[in-house]
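Spelled out, the chains give:
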Amino acid sequence: KAGVTQTPRYLIKTRGQQVTLSCSPISGHRSVSWYQQTPGQGLQFLFEYFSETQRNKGNFPGRFSGRQFSNSRSEMNVSTLELGDSALYLCASSNNIGSEQYFGPGTRLTVT
Amino acid sequence: EDKVVQSPLSLVVHEGDTVTLNCSYEVTNFRSLLWYKQEKKAPTFLFMLTSSGIEKKSGRLSSILDKKELFSILNITATQTGDSAVYLCAVDAGGTSYGKLTFGQGTILTVHP
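Those protein sequence lines, which keep their order, are chains A and B.
The opening residue of the first sequence carries number 430 in the working numbering; numbering runs sequentially from there.
The opening residue of the second sequence carries number 264 in the working numbering; numbering runs sequentially from there.
Treat the hints loosely; a few may be bogus.
Mimicking EDC-like on lysine to aspartate or glutamate, the simulated pairs with C-alpha atoms at most 16 Å apart in a straight line are [said to hold, decoys possible]:
#1 B/Lys330 to B/Glu318
#2 B/Lys266 to B/Asp280
#3 B/Lys319 to A/Glu504
#4 A/Lys486 to A/Glu511
#5 A/Lys486 to B/Glu264
#6 B/Lys330 to B/Glu289
#7 B/Lys331 to B/Glu289
#8 B/Lys303 to B/Asp346
#9 A/Lys486 to B/Asp265
#10 B/Lys300 to A/Glu529
#11 B/Lys319 to B/Asp329
#12 B/Lys300 to B/Asp346
It is worth saying that the hints were derived from the structure and are not from the lab.
Here chain B stands alone, though its shape is the one from the complex (with noise of 0.2 Å):
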């Protein structure tokens, strides 16, 4: 069965710092794996990675893929509060998996002004 893992759970930082959240995954394929941010809504897509190595930048967020290793990397630099939010990986597994993603259970993080 496909499995995707978040860690942390949870995260509580001041504005201003910088925060690494993580990703790891078992599928039988792979295609692709995304990131999305939650707030107290739908999840808004922020990256798609493909290739390993290869760094997806927008702003003060970035993600990198390790496909040797089955993880990835969510890095936000100067966080600030509009940052909190809950943070969801989601795997793509190709194959016939047509149209579902397998989504880890979230990174909470809280940005504290």
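Excised from the complex, chain A in its bound form (with noise of 0.2 Å):
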């Protein structure tokens, strides 16, 4: 069974721009998870979803946000970027509440 992928992997982007990160899940899970990593703040969840619904959201401004589609691909978008936002951002997937999540392999967003 193929893990999670998320595209791109690595991005640069200048601060004001917006960017948009994908992230399909394992094939059968519904649940899609995104965290922010940081060295300073470590893993901390930004949103989660199930079936094109969003049922969690962390603590991060409104410029972060997020859609899933019908096939539990996901995707997260941040505008007006700044420099703080610079991460490696993690999505997880799985089969529902009370399962294991699975991470994949990140995009690295460098905010200059």
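Got two chains here, each in a separate frame; can you build the complex from them with the hints?
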């Protein structure tokens, strides 16, 4: 079974721009969670989608948004990029509530 | 606010040593505790524990959960250089925390030959 895939793997953007990251979950998994990982804050939860609905959201500004499609693929968008948004963005998929999450390789975003 | 604390933050050992990594947590509810291994890439799932006192084992790695004392340990016996990584502990707080894992800061394990 193929694992979680994320595209692109690396991205360099300028302050003020916006970016869209993509995540394809493991086949059959309907829940997709997104995390931001930085050296200072560690892994922090952004949001979770299940069956195209956002069920949970972390403490991030409204510039961070996401969506999920009917095939469970998910995208996250960051608008008006700031230098502090530079991070590794990880998505994880799971079967449903209470199941372990499996992570993708991440997208390394650098904002200059 | 849910909180997960890992100790030690870093550990340096030699091949063949046995290590014990600690994870304590404070959460409003509790569904499960998970351990991940992260090298220079995505975290790799190791164990999920939901019940107290039941050891999960995979090769040289094992883990156990104490729900009364709110902690878990991850043991690695006969360490190898390939065990060098960051080990992350995470808690699923249950309730309406859909899809949210709260992570500790991680333990950096370095195994020297």
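Hint by hint, here is what the structure shows:
no.	hint	verdict
1	B/Lys330 to B/Glu318	13 Å, holds
2	B/Lys266 to B/Asp280	30 Å, violated
3	B/Lys319 to A/Glu504	34 Å, violated
4	A/Lys486 to A/Glu511	20 Å, violated
5	A/Lys486 to B/Glu264	14 Å, holds
6	B/Lys330 to B/Glu289	11 Å, holds
7	B/Lys331 to B/Glu289	11 Å, holds
8	B/Lys303 to B/Asp346	13 Å, holds
9	A/Lys486 to B/Asp265	15 Å, holds
10	B/Lys300 to A/Glu529	14 Å, holds
11	B/Lys319 to B/Asp329	13 Å, holds
12	B/Lys300 to B/Asp346	9 Å, holds
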